[in-house]
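Sequences are here, hints too, so could you generate the full structure?
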Amino acid sequence: MDKNLKYEILNQVKTVEEAENLSSEVDSILSSLYKVKNKDLSQILSKSAGKQTAAIIKSVLESEKISESDLSAVEKTLSGLKEDLKNAQVIKITLAIDPTTELISHIHAWVTENIGRGTLLETNKDESILGGAIIAVNGQYKDFSLKKSLENIFESHGSELLKSITAK
Amino acid sequence: MSIDPLIFFDIIAALFILAVALAAMAISYSQLVRKQNSNQKKYDEILNEINRKDVDFLEDARQKGAQIIEGSTKKAQQIIEESQTLSSEYRKQLDEALETLIKHQTSYFEKASQDFLSEYKKELDSLKARAIEVAQNTSKDIEEDTEREIKEFDNVLAQETFSAQKIVEGKIEEEYSTAQKEVEAYRQEMMKKLEGQIYKILEDVSKMAIGKSISLADHEQLIIDALEKAKKDGIQK
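Sequence order for the protein chains is A and B.
Start counting the first sequence at 1; every next residue gets the next number (this note's numbering).
Start counting the second sequence at 1001; every next residue gets the next number (this note's numbering).
Label pairs and their computed distance ranges (CB to CB):
1. GLY50(A) / ILE1198(B): 52 to 62 Å
2. LYS1212(B) / TYR34(A): 55 to 65 Å
3. LYS92(A) / GLN1221(B): 17 to 27 Å
4. GLU122(A) / ALA1179(B): 53 to 63 Å
5. ALA1164(B) / LYS163(A): 45 to 55 Å
6. GLU122(A) / LYS1212(B): 22 to 32 Å
7. LYS163(A) / LYS1166(B): 40 to 50 Å
8. GLN1221(B) / LYS163(A): 29 to 39 Å
9. LYS1229(B) / GLU62(A): 39 to 49 Å
10. ARG117(A) / GLN1221(B): 22 to 32 Å
11. LYS92(A) / GLN1197(B): 28 to 38 Å
12. ASP126(A) / ILE1198(B): 23 to 33 Å
13. GLU1189(B) / LYS92(A): 29 to 39 Å
14. GLY50(A) / LYS1231(B): 27 to 37 Å
Think about it this way: if two alpha-carbon atoms lie no more than 25 Å apart in a straight line, the pair counts; the simulated BS3-like pairs of lysine-lysine are:
15. LYS163(A) / LYS1200(B)
16. LYS142(A) / LYS1229(B)
17. LYS1111(B) / LYS1122(B)
Keep in mind that the hints were calculated from the coordinates and are not lab data.
The structure presented is a predicted model; accordingly, all values stated were derived computationally and were not measured.
Quick reminder that beta carbons are idealized off the backbone N, C-alpha and C, glycines included.
The structure is reproduced here in structure tokens:
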């Protein structure tokens, strides 16, 4: 598969959850490919995959110039797609809230720019971090949470704060 | 048969000679027997004489012995009688002598006893005086020794007490220093804990206040700020 195309497809898949769903749908498609009752790929896609997944797969097959009737080539392409999803780099981000789609897109854009294309987001919710984000990627761990900031403030200026409180 | 006359005469001559020899022998034998009988007779006579003499001698001896015994007995009786007489006299004399001797000895022993007693008393007094002196000296020595030992003991005790006091002082100081350190460490620990607890309270209060007051937009902004910080911090591919 063309690298740019691969990134283009993967760019539509932003989170690990989405990648897992896509992978699951690809599995379903692959298992339906050689069933007698399924007449063509469109029918299979409409039965086994969502609209977005079907659109992704069709665009992949079109760009690869693979005939929908060439089930063997389709199978190979889908297996390749599945493998790419499996091997995609993952960045783990811990947030204090459940991210909106807009926020996910924003974060993903940032990740694509700074970490690289084809990176998937794995978001976790932890209210105790109060705000900000904890990022873990490629063995690096960066805590930019509000909780950490507060802790740093109390660690470096705790005695001053204590004095100011007791003085009052 | 005829015999040669020479031989006949020879035999007659031989027989004659033999007869003569036999006759001579017979005579000689008879003389010898007579002589022996005579000797035997003499021997018997001598033996009888000896026996007779022995008997006489024995009789004489017996008589003489009897006389001696009789004389001796008489003499012994006489001696005994004399000795009995003498014995009473001698006893008397001996008693007198003994009495004199006893008196003499008694006076001598009395004097000797007196002398001995006086000597003994003197010696005893001397010994007593010496004993008293020795006892006094000993007592003095003991007193001096005791005083000296007490002084030495006092000194040693004072030194030991001083040393013990020093050791105790050292120990107390050491213990005090350790206790101070421990108290200080404990104080520091407690202060740290207290500070930690205060910080925690402050932190919790801040978190509660901030957590409740942050809007979704602020959250998003904080997340974007965090991402920017990560970018500045050099998060790498």
